[in-house]
Amino acid sequence: MGDTENLKLTPLYNRHLALGAKMVPFAGWNMPVQYSEGIIAEHRHTRTHVSIFDIFHMGEFRVKGSGAAAALDKLLARAVADQKTGTCRYNFLLNEKGTVIDDLIVYRMDENEFFIVVNAGTRGNDAARFRKLLPSDVSFADESDSTAKLDLQGPESADVLIGLGFKKENLPLYYKWIKTQINGIPCILSRTGYTGELGFEIYFPADKSETMWDLLLKQKNVKPAGLGARDTLRLEMGYPLYGHELNLETTLVEAGFAPILKLGEKRDFIGSDVLRNSHPAKRLAGIVLDGRRAAREGTPVFISGKEAGKVSSGTFSPSLEKAVAMAFIGSVFKIEDGTPVELATDRFKITGRIASVPFYKNGTARIKI
Amino acid sequence: MKKYTKEHEWVEIKGREAVIGITAYAAKELGDITFVEVHPEGTDVIVGDVIGTIESVKAASDVYSPISGTISATNTELEEEPAIVNNSPEEKGWVCKLDNIDLVELEELMTKEQYDKFLKESASSSKK
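Heads up: the protein sequence lines correspond to chains X and H, in order. For the first sequence, position 133 (counting from the first letter as 1) is numbered 133 according to the numbering used here, and the numbering increases by one without interruption. For the numbering used here, count along the second sequence from 1 and bump the result up by 369.
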């Protein structure tokens, strides 16, 4: 069961317990994996209405200074210098081998200030790397402990904010953020998320956690959702999870991100030489299984009887009502949508087909509101 | 007569057959059950053998046979609707039936009162 004594607690720990949450260790934190209704109900509620997720465990950094944009442009795989104030950009921290130290989102706050949101398990390493590699005239601060993050996700999430006094036309557009207040609490509100649905991520002072949580939970159709639903929601969208689809053994090209990297351009960043000249050994693919039985991380994938790769994430998909998986498949194996695969361990064998992601095609993330 | 195991299975004797399932506690701990597989009818099992697998969204768990016998029926409704195990773990969500059983083996298992006490004791020891 693991040692739960040294786990960190979010400011909402008691709220989670009161809501009947099952708590599990995740990246050093004691986190709600589900509440009393269960993962599938929370998943469906997020797809049809709106849920809130306590995402306090993720890290928030602030990078400031006249050289900040140029310095981040060297450290991160996607361009930062051309990013406009008011936008968010999904980005990656790579090492010299072109493999992934973390995936993160960069918010450009103004010409010389950036807010960076990183994974919980990689926060310490990331911070050390930024501190080491940023020039001395650029300041770095890890604001994670004082910054709360709540994700409001689902097709009715904009209605919740409108109910709290926002005008529809003032809500941020997809991958944009605004500085605002919710019932007097100052926050950064971005139209981003990890569910594939219309949604917002809210960053605000940690000591206001309970006030904000209670306020949001009181709104029409809002229910809490845990890390279990967060994982099934992201996997139905084919979104990567650090430690699974992204890791130190996989280059960003192998993880499937070449199309957004603009490697043909002149911009150099840590890892760019390797990525430009790389011969990927594997690539990430989606698999829809024929039944409800899920393949788990590490399950070998066979194509025409030959071992072709391994599952990186797998779960039962509540929307498709069958199992889905992501897997790394060796580059020598030809695959396309519909290629039959077998996933087998010494205990079981399940069949399925290669499928393009997202597995769930009706996500509302980009809809016009 | 209904008895319980430390692995959270129940077994109930109905006529010459033993009906087997997982306890309400186990179903709640697993969370949403998404898949149930049991060995086919005719499989001979002895006490402690794996007779099937139950998967939830987050994990897969084995089901162990509380007694020896031959699988005489499986609950085919669980193939399409495994959530029955969550909704009715100790009745409609039965997993399989065994015949060729020996009632003496039941003496090793816990009564309802003993199982409830076992759950309480494991809950308090895991909090330390």
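Simulated from the structure, these hints should not be mistaken for lab results. Here the structure is a predicted model, which means the values were calculated and not measured. Please note that the accuracy of each hint is not assured.
Below, simulated DSSO-like cross-link-like pairs (lysine-lysine); rule was C-alpha separation at most 30 Å, straight line [claimed, not checked]:
id : chain 1 : residue 1 : chain 2 : residue 2
1  : X       : 349       : H       : 481
2  : H       : 486       : X       : 22
3  : X       : 176       : X       : 322
4  : H       : 383       : X       : 22
5  : X       : 22        : H       : 375
6  : H       : 397       : X       : 368
7  : X       : 349       : X       : 167
8  : X       : 349       : H       : 397
9  : X       : 179       : X       : 84
10 : H       : 481       : X       : 223
11 : X       : 8         : H       : 461
Restraint-style ranges between C-beta atoms, simulated for each label pair [unchecked claim]:
id : chain 1 : residue 1 : chain 2 : residue 2 : range
12 : X       : 74        : H       : 456       : 54 to 64 Å
13 : X       : 247       : H       : 456       : 48 to 58 Å
14 : H       : 456       : X       : 349       : 26 to 36 Å
15 : X       : 169       : H       : 450       : 39 to 49 Å
Glycine included, C-beta positions come from ideal geometry on N, C-alpha and C.
*Within a Cα-Cα threshold of 30 Å, do residue 179 of chain X and residue 84 of chain X meet the stated pairing?*
holds, 15 Å
*Has the given pair, residue 8 of chain X with residue 461 of chain H, been kept, meaning a C-alpha gap of at most 30 Å?*
Status violated; Cα separation ~41 Å.
_Consistency of beta-carbon spacing, residue 456 of chain H to residue 74 of chain X, with hint 54 to 64 Å_ = Cβ of residue 74 of chain X to Cβ of residue 456 of chain H: about 56 Å, so the range 54 to 64 Å holds.
*asked:* Against the 30 Å threshold, does the CA-CA distance of residue 349 of chain X and residue 167 of chain X hold or violate the hint?
replied: violated, 53 Å
*Proposed proximity, residue 481 of chain H with residue 349 of chain X (alpha carbon, max 30 Å)*: Violated, at about 37 Å.
_Given hint residue 397 of chain H paired with residue 349 of chain X - CA-CA distance at most 30 Å_ = holds, 27 Å
*Within 30 Å, alpha carbon to alpha carbon, are residue 486 of chain H and residue 22 of chain X?*
holds, 22 Å
*asked:* Against the range 48 to 58 Å, how does the distance between the Cβ atoms of residue 247 of chain X and residue 456 of chain H compare: consistent or not?
replied: Hint violated: Cβ distance 39 Å, outside 48 to 58 Å.
_Verify the CB-CB distance for residue 456 of chain H and residue 349 of chain X against the hinted window 26 to 36 Å._
About 30 Å separates the Cβ atoms of residue 456 of chain H and residue 349 of chain X, which means 26 to 36 Å holds.
*asked:* Given the hinted pair residue 383 of chain H and residue 22 of chain X, is their Cα-Cα distance within 30 Å?
replied: violated, 35 Å
*Could you grab the alpha-carbon distance between residue 22 of chain X and residue 375 of chain H and see if it respects the 30 Å cut-off?*
Holds, because 21 Å separates the two Cα atoms, which is no more than 30 Å.
*Is the hinted pair residue 176 of chain X and residue 322 of chain X satisfied, with a Cα-Cα distance of at most 30 Å?*
Outside the cut-off at roughly 34 Å; violated.
This entry does not satisfy hints 1, 3, 4, 6, 7, 10, 11, 13, going by the numbered hints stated previously.
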